[in-house]
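Student: These are the residues of each chain, in order.
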Amino acid sequence: MSAPSAAPAAPDRGRGSPRRIAVYLAGRLLGAAASMAAVTVTAFFLFRVLPGDPVRTMTQGRAVTEAQLDELRRQYGLDKPLGEQFLDYCSGLLRLDLGVSYQYRAPVTELIAERLWPTVLLAGTGTLLAAVLGLWLGTRAAWRRGRVVDQVNTGLALTLWSVPTFWLGLLLIVVFAGTGGFPTGGMATPGVRGPAAALDVAHHMVLPVATMVAVVYAQYLMIMRSSLLTEMGSDYLVTARAKGLRDALVLRRHAVPNALLPTVTLVFLNLGQVVAGAILVETVFSWPGLGQLFYQGLRLPDLPLVQGLFVFFSAGVILMNLLADLVYPLLDPRVRV
Amino acid sequence: MSGTPARPSPRALARQRRRLALSGFWRRYRRHRAGLLGLAGLVLFVLLALAAPLLVAPGDLSVTRAPHDAYQPPAPAHPLGTDNFGRSLLDLVVWGSRVSLTVGFLATLVSVGLGTLVGITAGHYRGVAGAVLMRVTDWFLVLPTLVLAVALATVLSRSTLTIVIAIGITAWPTTARLVRAQTLAVEARPYIERSRALGGGHTHIMLRHVLPNVLPLVLAQTTLLVASSIIAESTLAFLGLGDPGTVSWGGTLQDARRAGAVSSGVWWYLLPPGAAIALVALSFTLCGRAVEGALDPRSREGR
Amino acid sequence: MNHLETRGLTVAYRAGGREVPAVRGVDLAIPPGGTLGLAGESGCGKSTVALAVLRLLPATARVGGSVLLAGEDVLTMAWGRLRAVRWAGASIVFQGAMHSLNAVRRVGDQIAEPVLLHESAETPASAARRAADLLERVGLPPRTAAAYPHELSGGQRQRVMIAMALACGPRLVIADEPTTALDVMVQAQILRLLKDLVARNGIAMMMISHDLSVLADACDRLAVMYAGRIVEEGPARQVFADARHPYAAALGAAFPVVGDPASRYAPRGLAGDPPDPAGSGTGCSFRPRCAVAEDRCAYVDPALWRAGPDRSAACVRVLPSEEVL
Amino acid sequence: AGTGGTGDTLTIAMSQPIDSFNPFTAQLASSTAVLRLVYPTLTVPAAEDNTPTGELAESWRTSDDGLTWTFTIREGLTWSDGEALDAEDAAWTFTTMMEDPGAATANGNFVANFESVRAPDPGTLVIELSKPQATMLALDVPIVPEHVWSEVGDIAAFDNDRDLPVVGAGPFTLAAYEPNQSVTLDADEDFWRGAPGFDHLVLRYFTDQDAMVEALRGGEVSFVHNLTPAQAESLEGEPGITVNAADGKRFTGFTVNPGARTRDGEEFGDGHPALRDRTVRQAVMLAIDKEALVERVYGGYATVAEGYIPARYEDYHWRPADGERLGHDPERAREMLDEAGYEEGADGVRVSPDGDPLRFRMAVHNDRPDYVQTGRSMEEWLAEVGIAVEGDYIDSGQIGDRLNAGEYDLIFTGWTVNPDPDYVLGIHTCDALPEEPGSMRGDAYFCDEEYDEYYAAQLAEYDPAARADIVADMQRLLYTEAVVNVLVYADMLEAYRSDQISDIRTQPARGGNLWAQDGYWSWWSARPREAETEGGGLSPAVAVGAVAAVVLVGGLVLLLVLRRRGTEDERE
Amino acid sequence: MTTRTGSAVDGPAATAPAVLAARGVSVRFAARGGGGVVRAVDDVDLRVGPGEIVALVGESGCGKSTLARTLLGLERPSGGSVLFKGEPLGYRARELKAYRRRVQLVPQDPGGSLDPRHSVYEAVAEGLRVHHGTLPDEAVRVERALSRAGLRPPERFFLRYPHELSGGQRQRVVIAGALVLEPEAVVADEPVASLDASVRGEILALLLRLRAELGLSALVVTHDLGLAWNIADRVAVMYLGRVVEAGPVEEVLTAPRHPYTRALLSVLPDASAATPTILTGEPPDPARVPPGCRFHPRCPVLASGAAAEAGVAHRCGAEDPGPLPEAPGHGAACHYAAVTAERPEAGNR
Ligand SMILES: Nc1ncnc2c1ncn2[C@@H]1O[C@H](COP(=O)(O)OP(=O)(O)OP(=O)(O)O)[C@@H](O)[C@H]1O
Ligand SMILES: Nc1ncnc2c1ncn2[C@@H]1O[C@H](COP(=O)(O)OP(=O)(O)OP(=O)(O)O)[C@@H](O)[C@H]1O
Ligand SMILES: [Mg+2]
Ligand SMILES: [Mg+2]
Ligand code: NI
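Chains as they are written, first to last, in our numbering: chain P, 1 to 337; chain E, 1 to 303; chain D, 1 to 325; chain U, 1 to 572; chain Z, 1 to 349.
Honestly, the hints are just simulated from the structure, not real lab data.
Here the structure is a predicted model, which is why all the values come from computation and not from measurement.
Even for Gly, the Cβ is constructed at its ideal location relative to N, Cα and C.
Possibly wrong hints are sitting among the right ones.
As the list claims (entries may be wrong) - Residues on chain P that point at chain U, a partial pick, calculated with CB under 7 Å: (1) Leu93; (2) Gln103; (3) Arg105; (4) Thr283.
All chains, please: the whole structure from these sequences, using the hints.
Tutor: As structure tokens, then:
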């Protein structure tokens, strides 16, 4: 009889048909849009129930007349009924108009745009460093599970993880700023221009980024460690070792790529939250970013600003979730569409 | 065939079983040295919080007749120094543990309770109900936690309860997600199908099979959540959203910062409450990880 | 010289502070071109033996005795030499192919990997060509190389594993339960394939299974393990049809011959529980489940004795009683 | 250019961001402080004693009825772009504020009584009032160049931060602006009063109080303000740093709800009835130990307050005579309450003759640590005389709500008092009562005919001494009624690097402040101190390089160590 | 040839009404990953008479488990109906519950079928508690069920947890859990597939003994023809959602008519087997059922030309032989078998 000649179903090479990709994408986008809509509604009604007359708060402690207050109310559309305000707000949102900040008297969108770059710089650098550090140390810790490297690593990470961010920031200021040669706050020294400016910004970034990394990297470390530990017992690693691969290669070529899958999505998911999490670091280090803006908005409270930032932060998380959804199939052939 | 005279009642059996399970759990837990350390820290702090009224005289926390001078560095009479009113920082830390731990536990209770309920329900009912629940969870998950907590704390009136609610409400989706995933895993196990084939209804399956099997996860999640809730409490206080009328660690930190302690060389105002938060959070985290480890079937002995 | 020879191989796992003896003195020998079947119930130490051959056991395992691959002792080999011997000298087809293949790398790359590693003359392109060849040899179209493991069926994955095992032209292939998870029909296909490849290339093979009938079909010789020991060894047909050790006999009888009236409405099994690897006690470890146990079984722990031409069994009943005492 | 306070640049820290450089709309104190350096005003309070002195206006006249003011504008002034600065600009500025509601956002109250503003010729500005206005020499309204601002379409939406340098006429010009980070001002060498001491003035924004102080220590900035008592104390002894504890412009206190009502006398809210009794209100004041507040809450950097107008304004400040003083005397408070029939109940809380226990709700701003601490102290003090007070530490928005609704018993308050006290006095007239419940101009539902008469009299009195007498009477009345109660005047704590700055002028000369002056005196007068040694401290670039090198080397060593251990470990 | 030993029930129970029957049952699923339907079970007739053991055999994925689950009402058929004692099965919660008191499932994987957090006692008592609440004699019943299932003495097992039991013991606990409700029929899905060869025989013997003692009817799902030979009275062979051959064990396994059954029998790793007929290709996909006879793409009879000789080759690719009707005798859904049925059994065995 003939040799067994299997005719395997044509191995689905990678991506799948454009139509299915389109359907997948459309599904994800729709989900993101739904979340966004929900966030919008929440943001509006959540902040409308804030106590206090915003106009009063705005002018607190200053000499104002009733007419001035009324004028302010009119300017901010606070004299209209709630339903109308909501419609205005929604239509504004579609035009990327998040209203006008009470304290800056500038469009919130503009304020956000102004502050976006510093936050992205800070949170981006922080996350990147934290991820690289966390993943690397996590790999080491898992590979040497139970040894000194692991214990020191995990212990340190967990300790830092348990420390309140702002407290750590303050401690760093006490120890390193001023006398330690690092600036205590801000993003740049006024007047420094040219190539020195980049260095200057880097100099200002050291402490805030260190704070951010210290608190965040533990998470990546733990995820990578446990993810790698689950992979550790896997049969395919035995196969790899049986093939005669050096342990370092087994780790690099086989274990890490597999363990990286859950971790990378997590990095993405976290990224969304990190931007919002920058509030503390930015506040402590006077970093002129979105977090600081939020903090300032809170103190008044500056309703359109806080609301706008809330929407913006949520949109960031939604976007990152979407990216994670889109990136995951690229990384893991098993879930390719 | 049923000739054995002294047959234990099912209730006694259940008790015995529970005792056995507990001792087994404890045996496995004991193997985690860090977990024991965490547990010790935890017990210490809980005892401290419970004993606070005995350790701190009511007058010691009075702002008008504080026992010491303001801003005194650590000395035998006040081992951790004093604050701007002349109250001993040690007293403040001891007393603050009450609020901080209460907030930590209550917020965790809220979020774990809510999360477990939603998670199991969403995982069990596959139809529209589950999908809707999951959508809601997803949507909550999308809201930036800190921002939402801050917003809630701003919106609601300022009190410890508000903080509990703000933290509880922002933390539950994570639990729900976890519980749902675990529920799905449990529901895929053949014993659920067996139970259905035996005639068990939804409630039976959820209560008898799913809940006990997700509980360990919930327990581990609980300990981890307490840690983050305590940190969250201090964060909210730091952002000025705490209840200034009560003594809590976060509140004390906030007071220290407001007083400019960092730049005034009054390090003892800043250090103790922060260290206390970090220690408690670390204790809970270590416990949580040890619980996780002890419940991990892979670490079980036997087959 | 035998391709594989183990002498007094012992393996103990450290688990929960105790030492669990998993393999307790196993002697095996496979001549060039020979095929040996290793049978036994779950947990009796079959896989442990297989892993010990390439020193792949986890760090918690303590290994004793010696394992000679073409005369070289694997257990005392230098690290670099060991890596060279792995796969090029002996390769393994693991039980669960889904888990033994890396899910995120293409099948072709995984086959080519050991080739590139062990043969410096190979370039990535030539290794890829070789991978395609190998796939054809196991009956898969060469384009399978571009697939990821999850895109293949269980049988196809197992074939990929076989192709991979053949990649460096090893002299010994160890197949650890290659068909356990597979459907009857696919199982037949894979067994046929393995038999053909071994016969055509003169490779020595050790095949592990708990199904004695499968092994009897595919191998020259059979070894039956029980609680970490070989309890019977001999030519496959003989051991299957006429086992001398009661355990081997029970194992053989567990698979009825369809059409044989004797087994109609008469399933045969073995009462009692599998042995606890940790608890040893004195005497024959099979005694608690043995239907024909005698008094002396309680204190004699029998070694493998000659039980006929070219076969041996570890049961006191194969010897005249006076020889024991 | 340079960093810190070296050489020709003076860097100062500000603790507030800039909301706008548009003087018509800018609200935040930081913005106002910058604008005072950039735009002129008609008059400016003198550095020595706050008396109005001429700025744009060289001199002024008032008509007999006090309703027509004629200012003579200084001659030969120009804007920084060279255009002439004259009465037209001032007239345009005021008129715009009167006509465009958007332009009245920030300073509209100054022009509320203006009938018309004219510039009959470039050197004369005539302002017609509808009723007398005592603040005519303290018009804190920056005058803007008409030729620039008449081009601006919508003034309310204009931020004035695009077209730099901004055209102004102060001692400095606005040269550069990094939103949320810094403002750079360049000195105007040709400023009519003389060139400022520093060529550049940089204001850096800090969100963190501690970071700011550390920056001062490290020499990154040369001036900080808004210090806490602890910070001031710790900076006090440091070499090269001078702490300036200026007398406060602000009073801190609380008002008592004497029964909220509208102008028409309609009562609303739920204020405690016992607080309508002056005895109870006075007893509350007697229970409070203001000295202790100064010590404990303000670390000594404050003055006990009695009169409504801070001590800093010597002319208007008032102090009770010994007989009328309501100092700390819990014993007397208890006696008074006993006499008035407020018997102590079983739980130690007194009960009014009507049967209401004296349990008061006290609304305190939670974002002001000194308020919170004062509030908590008051809880304890009042408990000692048998009054239970429950502090509600809430944010300002909610405070406003409670005030407007009249749903409070005690509520904290505090005002920054201008050199001219008119506004803070005006908020306690009966006119300040709300037209209808829910909207409130003042901070107490105080209404007293006698007070109103005094108020009208002082407004019409242009003789400073006579006016001061009337104001004193008003304060005595407020004090004895004990509805509006002041507790302390907190010092304004500032510090600067005296090793970088010399000759800086406070306003007023004695006990005066540097930041947020009514004028530009401090920054205009500051002169660089000749530095003995330049440099010191690493330049940022070098520091970064060094750190990077250390990290790199450390990382490499670590890597090598781990590598080495790693290969050893590979033997399973 | 037909030597029946140890059967408790006399005669193949063909005439008595079926305890459990499937009539034209189809189950369809939406294919995973969208698009198309999976015809897991396609128009199946099957009956289990009183006291009868029926084996359902077939290769992996042919729909055996799905059919078993459908018989228990765990899956709702998209066509046809399940009959219990001649009555169609109702799918309302109460009806299902009542039904499940009388028909029990012995699931495939004894390890996974026991809740790791329930002790043996609880696992066995679960059925009782679901249907009767906590009975006063619960412990007695549990004890009885356990000892029936061969776990003796039962008290020794009460407090054990599944992970403390061997595979064979777990399977017995599962069986005891089914027996405790004293069902009239059990459906056992691969009852020994995950067990060691040595334990297997014991469990099968237990099933036979229970049938003898309690008169249980049973449907045993398996892919193992040897098992069918060991214990079943009748056997049904499934291929791609269809029963393609059914009949008394002795007839079907010794004189198979359907080429698929023949192929299955030929690959048994039986030392005495002649040349095995190894079917080529992968297991078929129920999402893509071929037209005509669903076996024809892999049919060795068609490939060897025997079908053409018999003149049915054209029908194999075009004409569905249809479902096998529910009949007591030996039948096969095959064009070739239908043509050659009259002739003496050719070739194989
Ligand atoms: N890493 C380990 N740590 C501790 N014990 C182990 C470990 N691996 C295997 N064992 C134990 O060693 C014994 C032999 O295991 P092994 O895997 O060799 O059995 P096997 O015969 O291959 O069984 P199966 O047929 O189930 O594959 C078992 O009792 C098992 O529990
Ligand atoms: N819920 C489901 N959704 C979609 N397809 C399903 C579902 N359940 C089963 N199937 C498909 O139906 C077919 C029959 O499955 P079933 O489990 O009944 O097979 P089986 O004969 O029991 O196989 P095995 O011997 O492997 O247990 C399979 O192709 C399976 O993939
Ligand atoms: Mg094995
Ligand atoms: Mg199945
Ligand atoms: Ni310069």
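Student: Hints first: check each against the structure and report whether it holds.
Tutor: Right, here's what the structure says about each hint:
Because the beta carbon of Leu93(P) sits about 20 Å from the nearest beta carbon in chain U, more than 7 Å, this interface hint is broken. Restraint check, Gln103(P) versus chain U: the minimum CB separation of about 5 Å is within 7 Å; hint holds. For Arg105(P), the suggested interface contact is upheld, since its CB lies about 6 Å from the closest CB of chain U, less than 7 Å. Because the smallest distance between the Cβ of Thr283(P) and any Cβ of chain U comes to about 6 Å, under 7 Å, the interface hint for this residue holds.
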